[in-house]
Each structure stands twice: as structure tokens, then as C-alpha cells.
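Student: Protein sequence lines correspond, in order, to chains B and D.
If you want our numbering, it's the position in the first sequence, counting the first as 1, plus 371.
If you want our numbering, it's the position in the second sequence, counting the first as 1, plus 371.
Hint data in this document are derived by calculation from the structure and do not stem from the laboratory.
Don't take each hint at face value.
Note that identical chains are pooled: a pair holds if it fits in a single copy or bridges any two copies.
Here are the simulated lysine to aspartate or glutamate pairs, EDC-like style, with alpha carbons at most 20 angstroms apart [claimed, not checked]:
(1) LYS716 / ASP776
(2) LYS846 / GLU553
(3) LYS745 / GLU517
(4) LYS716 / ASP951
(5) LYS944 / GLU646
(6) LYS449 / ASP817
(7) LYS716 / GLU873
(8) LYS449 / ASP938
(9) LYS944 / ASP644
(10) LYS846 / ASP762
(11) LYS855 / ASP948
(12) LYS738 / ASP938
(13) LYS855 / GLU517
(14) LYS716 / ASP480
(15) LYS855 / GLU887
(16) LYS716 / GLU777
(17) LYS716 / GLU749
Owing to the predicted nature of the structure, the values given are computational and were not obtained by experimental measurement.
Number of protein chains: 2
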Amino acid sequence: MAQDAVAQRIYPDPPGPAARERSHGWGFADSGFAIDEQARVVFTGSRYAISGQVIPGLLPWAEGILGLSLDPRGVHPKRERPEVPERIACPALEAALAERLPPERRSTDPLVRLRHGHGHTQEDVWDTGWGHLARVPDLVVWPVDEDEIEFVVSNARLHGACLVPFGGGTNVCDALRCRPEERRTIVSLDMRRMNRVRWIDPVDRTARIEAGATGLEIEAQLAAHGFTLGHEPDSAELSTLGGWIAMNASGMKKNRYGNIEDLVLEISALTADGERLERAAAPRESVGGDPARWLIGSEGRLGVVTSAVVKVFPVPEVRRFGSVLFRDFEAGVAFLRDVERSGSKPASVRLMDNLQFQFGQALKPAKSGLAAWKSAAERAFVLQGLRFDADRMVACTLLFEGGRDEVRAQERAIYGLARRHGGMRAGTENGERGYQLTFAIAYIRDFMLEHWVIGESFETSVPWSALEAVCTNVKQRVFAEHAKRGLPGRPFISVRVTQLYETGVCLYFYLAFHYEGVDRPSAVFAEIEHAARDEILASGGSLSHHHGIGKLRAPFLPRVFSSAALDWRARQKRALDPDDLFGCGNG
Amino acid sequence: MAQDAVAQRIYPDPPGPAARERSHGWGFADSGFAIDEQARVVFTGSRYAISGQVIPGLLPWAEGILGLSLDPRGVHPKRERPEVPERIACPALEAALAERLPPERRSTDPLVRLRHGHGHTQEDVWDTGWGHLARVPDLVVWPVDEDEIEFVVSNARLHGACLVPFGGGTNVCDALRCRPEERRTIVSLDMRRMNRVRWIDPVDRTARIEAGATGLEIEAQLAAHGFTLGHEPDSAELSTLGGWIAMNASGMKKNRYGNIEDLVLEISALTADGERLERAAAPRESVGGDPARWLIGSEGRLGVVTSAVVKVFPVPEVRRFGSVLFRDFEAGVAFLRDVERSGSKPASVRLMDNLQFQFGQALKPAKSGLAAWKSAAERAFVLQGLRFDADRMVACTLLFEGGRDEVRAQERAIYGLARRHGGMRAGTENGERGYQLTFAIAYIRDFMLEHWVIGESFETSVPWSALEAVCTNVKQRVFAEHAKRGLPGRPFISVRVTQLYETGVCLYFYLAFHYEGVDRPSAVFAEIEHAARDEILASGGSLSHHHGIGKLRAPFLPRVFSSAALDWRARQKRALDPDDLFGCGNG
């Protein structure tokens, strides 16, 4: 099982230091939405296309949708210093760890502990900014290799502590929330010091990558040698390989590269006994069941993923964006169906509903001169020339990757299909903007929360036959739940199709409402989201496409698994981790 | 979880009665190699292209390769009536089962019991024909629905019996062999009465299929409504959906349709407690681990697969075979590598080495008139015109499926790549012959065994970088092992590449030798096969690509899994089936 040096292998340099993350909120510290001194919405920094720009359309548009006015100065600020619950110390364990781990790789700092006790659900963000978390890890450690993890695992066992593996901390299912009733010392095992691509095999096109490497770090190390992993979840800048495996992640370019379960050939892990789960990697196997694959989607319950062998791909010759406008959502869906059946799916195909299309327009930076003129002319052509209805039209963004001929053939096929459904090409620039906006848009929630708008996204996978029912029913249900509670204004509920499969699609909903004057807004939001999930399941959608279960969706598990299936899961957990060392309590 | 009637669904008619299987040997009773009254090799029946034909070249060619003469009349006949071990009866259980299952769906007939105690390894075939099996099931039952299986499971538990699910009985890893030390009554649960496609959803392109349906039955039921599953393992005529799942099967057309793990969306099963493992099927999910997927590759250890929801595909517009000849194996491999990288892989691509190419030629039926002339002319062109060396050239068979334009584009791309590697197109007829021969060739082992030649195939998956080393080293090792034992003549050892993956390929070896005068030929063969497996692992190949582990390869498990990984497997088994109800003892 030892990974011997192999002549052809490339050993990349380790990644440089990562950009600083915001200690308290989404993303990198240099980026985010803000109000400037002229009371205009701006996006800070220089990291994204939108960075450094004024976004004049956002608040006016949001006011129209939410049905009430938003004062850029009228903020509901986060608490200056979040509340952090008391530590449950374990001096014997801490002394033992101090013998091996240097001080800079151990922390009991309250803010550090807090950050390791949540991901990025609505509840997580609310509770860290305006509410409070009842329980967070008592100690954070940063191991640098398997031996150190083994050491931490052994000592945690010996001293009766509980271990929680931590990747990018970006999950949106309350997976990292600590159970309030957990009275053992909770150790957060932050994997991000293990962020190297250990080797690349250019002949077999495989690489062994450490579990704590983020998408940014992986792509940088691979790109230096002409390769890419191609796994690009919306969180790819911050989330890690180990987190992707534990959460059964899906990437925006899965049509070309596959989802995480398709990319991973071998997973190395440490068990609750501190033993190494390892195996030989092969292109494909039938070996009576591979225990390492139980870690895919295990959400930290079974062991610590330490590294994995993954497929890698040559950086594509061509990478080209595209976009198409359709008269309405139905036309867009019919187009997607044909794209799926065509056998020539671009790397990424995403369809935004009308509201999300409008949202994208509202996020456009202020333009001047030629750009503004061009954009007005385009708009006039679409609305007057094609008689598209601004309140019904939708947009599809495309990303083509591959060889020159391959991309050309795909474009021909795809735009041909689009024409058949009355689609109008809207250019590569809009396509790239739409695709890249995914990363910048993740910052908006923190900003809107401070402006009295609470929001969250949630996803599902649905069979083709249930696609429109799920979209319609969820929207109706959200409006009904919002009205029933007499909440201010109107809710924002919007959907996009983000992934295509032979048998269905992934749907991604965005939900938000104004909460000024609302009692317990986070809890009310959670109730409505719960109702939306109920509606998804009742209408034929699934419990999760790629966000996972965590503690957020665990109550729904009996609706998708028979009791025998849940019993098998519980038995497996007890068999592999009888003392609940990995006591995260995820579903 | 209930599968409600859905408006759009199609409910196919049940399949007609299956063709009669040979009670004692591979395949259907109407087909097989035989010696006719003129001492010529013939293939009987009318089922395959080769059926009803005289095959004059087989024995002379085999004589040349094996280095000794083969007398068509000099046979080593199977025992007329195989030895069947005594039953271990359990009158209480048998009485209980008789209350529910009619007599025609229960059997204690010795030959029926024997057939349920083996698959088709060399050892299986030898022991049933010339040796003996130490232990076989004591009772065979044929349930028709989940309720009956639940009834059998409950009663087996109650009466302390052991259950072995049985599909097509085609495994080649001693999975169905009963442990001689098993003193409980062994009940074989023959699933083949559950052979219906319950429904097809033409919108979502899914179908629920019962676990006991064979490939033939599935394709017939789907084809009646314009669909195909596209899963075509070499055993597809006889093997079942449940068996494919339990063995983690791979099909010849996996490039287009995927392997079994890609095709299955949901698996329904009965646990050792007689509980139903069920869940909602979705296009793709992240639900904290899906216990049903543990059944993939479970080899009957964990539960009884009862049905599954699978993807189905429209029957392709075009299905076209092709073939290409290359100067040598290295050129063929270089071509495969380019095909894999081209992104336009045909449904099936297989490369035979020189020996296997010769074997295919030797199996050609006798030709007369124009056909013989044409074939001689073709041969002359290849050997003299192109100066291909008859002892080095290799053949690649291709199968294209898809839309007319798609297939045309693939053909253009693939034949273009072939030319770059000096390949010569050898026509659709040779391609189809090569592909279809897969099914007929499966009958040859029984025939050759009676003519003093013992043989077996075995497979592995290898990374691209290890492909040639594995081929070369295995061949050398087999020759060395053969020589070391002073066995007669020379061994036949040949390989073909049957599956392409991004990171490597599946290799399929054929091994045979003459055994007249050899003491314990089956055991000697097993030793040499074991040595070949050792060589595969030492050279970078895997333990199995799709044949599974069973009892045959279990001794090698510690070479591919760390002890912690094996421990996890053992713990899972104990947790899910603590009394070892599914006591098949597979690795």
C-alpha cells in the first residue's frame, strides 16, 4: 500500500500562503459587498470581476421584489464581538497534545473556537452575528501529517474527548454545529495545513492530494504542471478535498469532470482506532465492497479523510463561456432536456429563472459611455425586437471546455438546439459574468443580513418529470408560508437548474425576506425553509443533491429511507466508532 | 417509499419462458462445441452466428500453440452423473416453507442442489464434472415476490439455517461455493422467478426491474417499448440484475452506458432481519451515505437484492460494428490511449493480442466459394501488401451506438486515430464476429476440458503505466510456472484489453494447458492462476476489475486493503448480519 516514488511522477511545490479569510463571515477578508461613503453599494477588493465596482441597481431592484424600501444607511449591525460559550477543558489531553504539537498549531482562542463550530447556513450566520451558539469546540489543532492525526486520535480516545474533522468550514447543513449536550471536550481537527498535492502521475493522470487542500490550492498546484481536477463547487475557493469527500460534493463542471464520487479513486483515512484505512488505487474494481467509499458522504461520522488519489485532466485547450436567453422558463427547460439527450453537454449548463436573471442584471456594475449604450441597445433588441417579456425571460449560462474542435462541435450543437427553442445567444461576456458571479454572490448574504434581509439557498435533485412541479409548488408554498406569518413585504424565491443528469436535474433555490420587526427572524426563516423542503419531498424532489444532511435535514431522513436503511446506517456507525469519537451527530 | 402508479409509466408484459439451460455445464442446452460423426469440431444449435457451423481450424491451431496433438476422438468424458454430497436436512424449516411455497418452487433434487452450489470457475467446472463438491445447498427455493423472500428469511432465521442468494450462477470467483464446514442447513434462494421489468418511466428514463431478471429478459422487455439498459457483461444472457449488483459488474458497452454502479439509482433489498431496505430514487444525492449502495459488490454477504431502479436509454438509432488491425500490440495500445483521450469513445473498444487474434481466426467456420476466396485475398493483402507479421499483428473490435450523426462523427474520429497508428480497417463483419464471439466462446471451456485442455479466464484493471508490464510479466510467469512443473507441451496465455478508463484499462487473460497425464490438474491449474494473480499484483494490476473476490481471491485481500480496511468490512458484516444468516463466507 505504500506510495513508492515512481519514476514518471511529478512532485509539485507546496502552495503559497492562503489569502486571509474573514474571521467572522463568508469568504476572503479583502472582498465583500459594502456601502461606501456616498451610500452606494460597492464590492470591495480586486479578487472578482465585480470587485471595485459600484452596483447601483441592487437595492432599488431588491426593494421592488421585496415590496418595501431598503435604506442603505439603516443597518442591523452584527454584534462587535460574538458570544462564545465557555470551554470544557481537558487539561490532561491538552498537556499530552502540547508535547507533540507546537503552540502555533493548537488554539483555545474563543474566536478561533467559534469559527470551528459552524459552517454557513442561515442559522450559522445569524447565530454568530446576532444570536449565539450553545456549544463550540474547546480546542482547535492543525496537524501536518498522518502521524500527527494518529497522535491526536489516540490521545482524544485516551482522554475521552470527541473529535470533529474540519475542512473549509463552508458546509450549509449545520454539519459542524456541536451538540449542546456534548459534555466531552470537543477537539476540532483543522485539516488545512495538509494542503499539498503530493504527486501527479502524468501518464496515468492521477494525483495524490492531501485532504486539507482547498480548490484554489489544488488547482494552482496542478496548473503549474498543466493539469486540472476540474471540481468546482460554488465554495471551491475555500472548501477542501476532504470536505468534498465527506459531503459527497458536486462541481459546476461535473458534465466534463464528474462529481466527487467519479473523481476519487482511493481515499486514505484514519479510523476511530487511529488505524490507517488504505488501499491500492485502480482504474475500476470489484473487490467485495470498498470501505473507503463509505467515507464519501460520511459527514465526518466515521473517520478522518487524510488524502485521496484522484483523476486529473490536462488543462483544456479551450475554455469558452456562452449564454442564451429564452422567452420563459419552460422553453429553457425544454432546451436543457435536449442538451442532456444530445450527448454533447458542455462542462457547465445552468438555467436561471426570471427572478434570478433579473437579480443578475441588478448586480451589474454601473456602466458609462459605450458599454452603457451597448447594453441599452441589447436590451431594447431583446425586449422590442424579439418581444421577450422582461418579467418572463430567462437566461442560460454555458461553459465549454475541451479541445478546439470538440468545443467548436459542442457550440454548434448546443446553439443549434437553443435556436430550436427560440433561444437568443447573449454572448460570452454574459456567460462568463453569470458563471463567475457564483463566487462573488456568496458574499451577499452577510451584507443583506445587515440590511434586514435574511436569506439562504437550498438544493435538491428532481427527476425530469417532477421539475416544473417542484419549482412551482415550492414558490407557492413559500409565498403561502410568508403570508401566513404576516411577514413584511414579499418573499424572494427564485430557482436555477445547475446540473443535468440523464434522469433529472439539480435545482438550486434562493429564498430571502425582509425581517425588520420580525420576532426571532432566524427561527422563522428556518420554519419556512423546512416547509419548502417538505414541499420539495412531497412534489418528487430529493432530500439533498450535494449539500448533505448535517443536523439541518436529519429530521427528514425517515421520509427518504426505510427504517431498515436507517438502522443499517446506525449499526455501521456503532460498529466503526463504538465510542462515538467522531461525535458530530450528523444524520 | 411506495412506488405509486405514475401516469406516464409503462408496465411491460412479463417475459416468456427462458430457454433451457444446460443442467451441467455452461449456457443453453441447445448450444455448444461438439465433435460430429466425421470427427470435425462443430457448434450446435442456431443461437449464435457460429451455430450450425463446422470449425475446421480450431484443433490444428490449438495443437500448434499447445505443442502437442489433440485427437478429436480422445476424450476425457465428464462423469455421467455428478457426485452430490449428502443433504443436511432441517425438517422443521422445510415444513414451514411448504406451508407457503408450492412444491414446484422448492427442491431437494441432488442435481438442482448441485447446480446451486457453484458458478463457473475452472474449479467449479472441474469438480462438477471430474472431481466433487464437498458441500452444496440442501434446499433450493424460488420466491416470486418480496413477501415470499421475507417469509423465507424469517423462517431461515427461526430455524437456524443459512441463506445464499442465487442469480444466474455464472460467477467466476467461487462465490457460490458452500463452505464445507457449514453445518447449518443451506437454503439457496433462486431469484430467477422474479424477472419482470415492473415499470418503465419514459420521461425520466428509469425502470424498476426485479433482481432475478437476466440480461436477455431485461433487454427483451425494454426493447418492446423502445428502451435498452445497455449493460452487457459477457454473461449477459444468463446473469441477473441482482447478480450484477452483488458482483459490481461491468458491461462491454460501459463507455456509453456505464458500469452497474453508474446505472443503478436505487436498490431494494431484504436484510438479515427480514426488513425492507428501501429508499426514494433520485438523479443524484448527498444524504450522508446510502446503505443500499453497500450492496454493490456485497457478493451476497449482507442481504438479498430484490429489485432496483436503473437508468434506461432509447434503443440507439444506429448500431455499427467495426474492426481495425494493427502491426503489433504496442501500436494497438497506443491507439487505445488516444481513443480514451479523444473524448469520443465508441460504446465498446476491445484489443486482442496476437494469440487471441489467431484464436479468433481459428474459430472461423469453414468457408467455401467466394467467401473463402475473399478471405484468402484479404489475408494476402494484409500479410504481403502491408507486411504485417502474422505472429505479431493484433485486432481491435469496435461497437458504435448512438444517433446517426454521432456514430458517423465517432467513426471518423476513431478511424482517423487508427490510421495514425498504422491501423488497417478490417470491416464491420469482423468486428461483429469478434464482439458476438464473446457469447459463443464461453462454451469452449466445457468442450476443451473433455479434450484434455484445462482453461480459465481472469481479469484485472491496471493503470496505463503498468499495462505492458502486467501483460508481459504475467505471460512470462505462466510460462515459468508451467515449465517448473514439467507440464506437457506449452501453455496458452493470451490477453485482451476490454475496457478503457481515464486512468487505465481492464485486461482479460485466457490461460489453458494440456493436462493429459497430469496429476490433480485442477489444483495445478489453480496454483498457476494464483501465481499469475501474484504477478498481476506485483506488476501494478488490481485484484479484480469485475469478477469479484468470492473464495477464490480472498487470500489476496490483505495485499490490496490495509488491515484497518479489512477490519471495517468485517465489522460491517457483523453489524448487519450478526448471525451470519448470509453465510457464504465470501471475502
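Student: None of the hints should be skipped; say for each whether it holds.
Tutor: Hint-by-hint comparison with the structure:
1. LYS716 / ASP776: Both: 14 angstroms inside a copy, 16 angstroms across copies.
2. LYS846 / GLU553: Cα proximity of LYS846 and GLU553: none, with 38 angstroms in one copy and 60 angstroms across.
3. LYS745 / GLU517: Neither: 57 angstroms inside a copy, 65 angstroms across copies.
4. LYS716 / ASP951: neither (44 angstroms within a copy, 47 angstroms between copies)
5. LYS944 / GLU646: Result: close both inside a copy and across copies, 16 angstroms intra and 19 angstroms inter.
6. LYS449 / ASP817: within (9 angstroms within a copy, 78 angstroms between copies)
7. LYS716 / GLU873: both (11 angstroms within a copy, 18 angstroms between copies)
8. LYS449 / ASP938: neither (42 angstroms within a copy, 49 angstroms between copies)
9. LYS944 / ASP644: Both, since 13 angstroms and 18 angstroms are each at most 20 angstroms.
10. LYS846 / ASP762: Within one copy, since 16 angstroms is at most 20 angstroms while 69 angstroms is not.
11. LYS855 / ASP948: neither (45 angstroms within a copy, 49 angstroms between copies)
12. LYS738 / ASP938: neither (58 angstroms within a copy, 63 angstroms between copies)
13. LYS855 / GLU517: neither (53 angstroms within a copy, 44 angstroms between copies)
14. LYS716 / ASP480: Classified as neither; 48 angstroms inside a copy, 55 angstroms across copies.
15. LYS855 / GLU887: within (17 angstroms within a copy, 87 angstroms between copies)
16. LYS716 / GLU777: Answer is both: 11 angstroms inside a copy and 13 angstroms across each meet the 20 angstroms cutoff.
17. LYS716 / GLU749: Answer is neither; intra-copy 27 angstroms and inter-copy 41 angstroms both fail.
In summary, the structure is inconsistent with hints 2, 3, 4, 8, 11, 12, 13, 14 and 17 from the numbered list given earlier, while agreeing with the others.
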